[in-house]
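These protein sequences, in sequence, are chains A, B and C. Heads up, the first sequence is in the numbering used here, so the first residue is 14 and it goes up one at a time. Heads up, the second sequence is in the numbering used here, so the first residue is 288 and it goes up one at a time. Heads up, the third sequence is in the numbering used here, so the first residue is 298 and it goes up one at a time.
Read the hints as simulated data drawn from the structure, not as lab findings. Keep in mind that a hint or two might mislead.
[As the list claims (entries may be wrong)] Far from chain C, by Cβ distances over 12 Å, these chain B residues were calculated:
#, residue
1, 311
2, 385
3, 413
4, 442
5, 479
6, 494
7, 504
8, 521
9, 524
10, 535
[What the hints assert, rightly or not] Here chain C is said to cover these stretches of chain A; the calculated rule only asks that three of the stretch's residues, wherever they fall, bring their Cβ under 8 Å from a Cβ of chain C:
#, region
11, 89 to 96
12, 168 to 176
13, 245 to 251
Glycine is no exception: its CB is placed at the ideal position from the N, C-alpha and C atoms.
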Amino acid sequence: MNSTYFIELFLGGLTRGSIYALIALGYTMVYGIIQLINFAHGEIYMIGAFTALIVSGALAFTGLDPVLIFLIAAVVAVVWSASYGITMEKIAYKPLRKAPRLSALISAIGMSMFLQNYVLLAQTSDFQPFPELIPDLAFLDPVSNIMNTTQFIILVTTAVVMILFTLLIRYTRIGKAMRATAQDKIMAQLVGINVNRVIMFTFLIGSSTAAIGGVLISSHVGQINFYIGFIAGIKAFVAAVLGGIGSIPGAVLGSFVLGLTESFGTGYISSDYEDVFAFAFLIIILIFRPSGLLGKPTKKKV
Amino acid sequence: MAPILDVKKLRMDFGGLRAVNDVDLYINEGEIVALIGPNGAGKTTFFNCITGVTKPTAGDVMITPPSSGKTERINGLKPNTITERGLARTFQNIRLFQNMTVLENVMIGRHPRMKAGVLGAILRDPRTKAEEKQVIEDSYEILKKLNLEMFVNELAKNLPYGAQRRLEIARAMATEPFLLLLDEPAAGMNPQETRELDDTIVRIRDTEGITILLIEHDMSLVMSLSERIYVVDYGKLIATGVPEDIKSNPEVIKAYLGEEINA
Amino acid sequence: MSDTAKNGLSRYITAKDVKRSAIMAVWFMFLTFPIMVIKVNTVTDTVEWRWFNMLIIGVASFILSHVWKLMIDRREGRMADAVSSSVIVEKKTLRDRMEEKPMIKKVGSLVILVIAVLFPIVTGMYQTSIMITALLYVVLALGLNIIVGLGGLLVLGYIVFYGVGAYTYALLNYHFGLNFWLALPLGGIFAMIIGILIAIPVLRLRGDYLAIVTLAFGEIFRIVMENWNGLSFGPSGIANIPRPTLFGLDFSIQQSTTLTYYVIVIFVIITIFIVRRLEDSRLGRAWVAMREDEIAGEAMGIDMWKTKLAAFALSTFWAGVAGVIFAGKTTFINPASFTMWESILVLCMVVLGGMGSIPGVISGALIITLLPEYLRAFSELRMLIFGAVLVLVMVFKPEGMIPAIRQKYEFKGITGNKNKGDK
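Using the sequences and the hints given, assemble the complete structure.
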């Protein structure tokens, strides 16, 4: 047993988990409020990554400081992804509020296909290398064999986003409105909460965190294509369900558990079966805890 | 003869909350008995414990079907098994099969009294066909008894409110119960509809021989209809007796503080 | 509700509408700006600015936002009408007419049957082959419809059972030389056994938890098949699976394609026949009751456990048999044919066509398989269009293209409300 290897896998798992968590937040919030599995959520993450790639590519010729370019690209990616998120909600989900739930799910699947092919046609089907904009941080040199700079940034950013997010949900007016709407839409409406606005805001926040995830992962992995959103979306969804869908702490916990399971599974057993670990783990957890790790048991209301 | 339903020291805890606290209740064949109490007193939970929706924490639920005369403890049996034994219920907030027709709703009620399996469904052998035909006719007869025959092919969700309530009763009757549990059957009805419901319930008891236990808020209905009344508050049984006694019981008046209980 | 709805198409476009559409145009030009206008190639380090695209987006959103508003208004007008009027005066649809005159239905079915029989003779092998694929999906969609459309259980890994059928034939043939006809029922039975085995531990899960667990099983199946070379020959798959033949004769590719075609046609007919009968039976009603309200269903004496298990068993059987036919048709299978994407596609067929409605599900399957096929002219755009079509159909027809109707019964003395608004 090699302890450096263990730590490396552990950090790798945390990194994966962070990205899953950033995407899973959006899944679980949308589910909590409108009970929709937003299949197109992964596409928002992909669009975030692509927007950042495009912006940094376009700014590369200006000779600005790479770190500044990265920050601009990240901000633009967040703004645009959030815009895509709320537009998507207006077009594909809002008209379906009263429709059977599966109809909204199919609409989401259609949206996912549309956005994938939209990026494919407007940009390219090939993998695009993501420019290296972040210089190596000097203080990480001693531990560079187990953790690199992008990993470090992913972990720190995720931690900051999670803290801000928790504060938002706990203490702001809109956060309270979101929690109220998730509990009982009709009651929320009766006490004067503008439910449509809350839903829009949910998409806005969820899309923004997904975009942050997209930007971070592309600078870590170094290349992207139009298809990255689908797989990441499914994984993040698995994470959200693992934690108990609709529960925000659940989504975060589920993401880290999933990330670590995958990392250790591939590191110690076999990399061919990477996804099998994730899925098998999910099945086992759900058989013993049918509402996920932190989900409330579905109480039968009579 | 033993009571057809005999509940002894029934208790139901939800976490730290004791929703039903050692309640005793019995019903003899042919009675109409009411269970009343303020909102949140644990009435529906009591129903849920008897019908198997929730498993009681402690106590006994004993039934003695008049047909067999055999006493059986039914705690913790699944709801469908309890229905098969001869207990049927309606729901406080209507739970019809919205996108099925009125007739089909009642036909679902016949489910536990039918035998057809997968092969029968595919092959449509004479026995299955005969059974199917019989079920359609029986269901239609039940609809007639509750004045619902004009809606026969209508989707349940398109029915007027009062008719939906009646359809719930029709559906429960289709399971051939010896005891019918009605959870606030008059909720949301106007006085005219409530009076009609009063007649309907008495008719079901008199002509079908079905014993009735009802939870109700409408005091006029309870007082005119029931032969005996149980009153619960905070999960505890606080009074029991004939309507006249209940009306003058100080405990009951206290529990209902502010709520009218004039007949 | 709104007066615009009442005036329908004939209303004038007001200044307010123009303003709204202009705002929409600006919004979409903003939204699509980075992806549509700038094209960066980070390999060659080139940046291309495509301002013309922005113009197209602007004009297109301006026009489309009008159409969208108009259609949303019409849809809402329709819904408001349905609520406000007690006597719903419906337009007489083909379906109503079919109900009135069973002859139309009989003649219609006969015409379809004749077309189906003549199809491979009139068209060539290429068309026949496409039609076989389409009909395989019809069977899959009808099978999945039992679980999803009737039973209301969301299953996202249905393609596993198709895969089990296909591998059953391929492997039994490879190792024991089993022929197509024997594999046909065996594939169905194996798929059914796997279906029941998967169902037993997961059936107590509710709604979307069930969906994700079935998705997980689907992915595990695919990945295991990709990596367990000893069993499945991995990603390279199994080739030279014999096409179906008759009486041990040697068939040309053309002949056996035609034979496969007739096999699948007969199989579709059997499927429709059986699903139709199941739907209108004690079990079928229990499925629908389960979809509508599980708790009420239990209170009516339905054993939900058995009912769910029956839905799984019967539904997976069809997928298994279809899988055998698929293996016989393509003569080559590998895990790539059984991805999650395929499961999602079959689910789309069911919901797009109309959950629980046999004609709906069949049309859903045919449209989804044939539309991309005939959209090949727009090869690049076809998946984009396909995605948009899914969204549009759901927004404007959320119950599906041909929504399910319930069985109606006639009684003496009751003319009923069967044909309200008529006569």
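Evaluated hints:
no., hint, in the structure
1, 311, "holds (24 Å)"
2, 385, "violated (6 Å)"
3, 413, "holds (15 Å)"
4, 442, "violated (7 Å)"
5, 479, "holds (19 Å)"
6, 494, "holds (21 Å)"
7, 504, "holds (21 Å)"
8, 521, "holds (26 Å)"
9, 524, "holds (25 Å)"
10, 535, "holds (36 Å)"
11, 89 to 96, "holds (count 3)"
12, 168 to 176, "violated (count 0)"
13, 245 to 251, "holds (count 3)"
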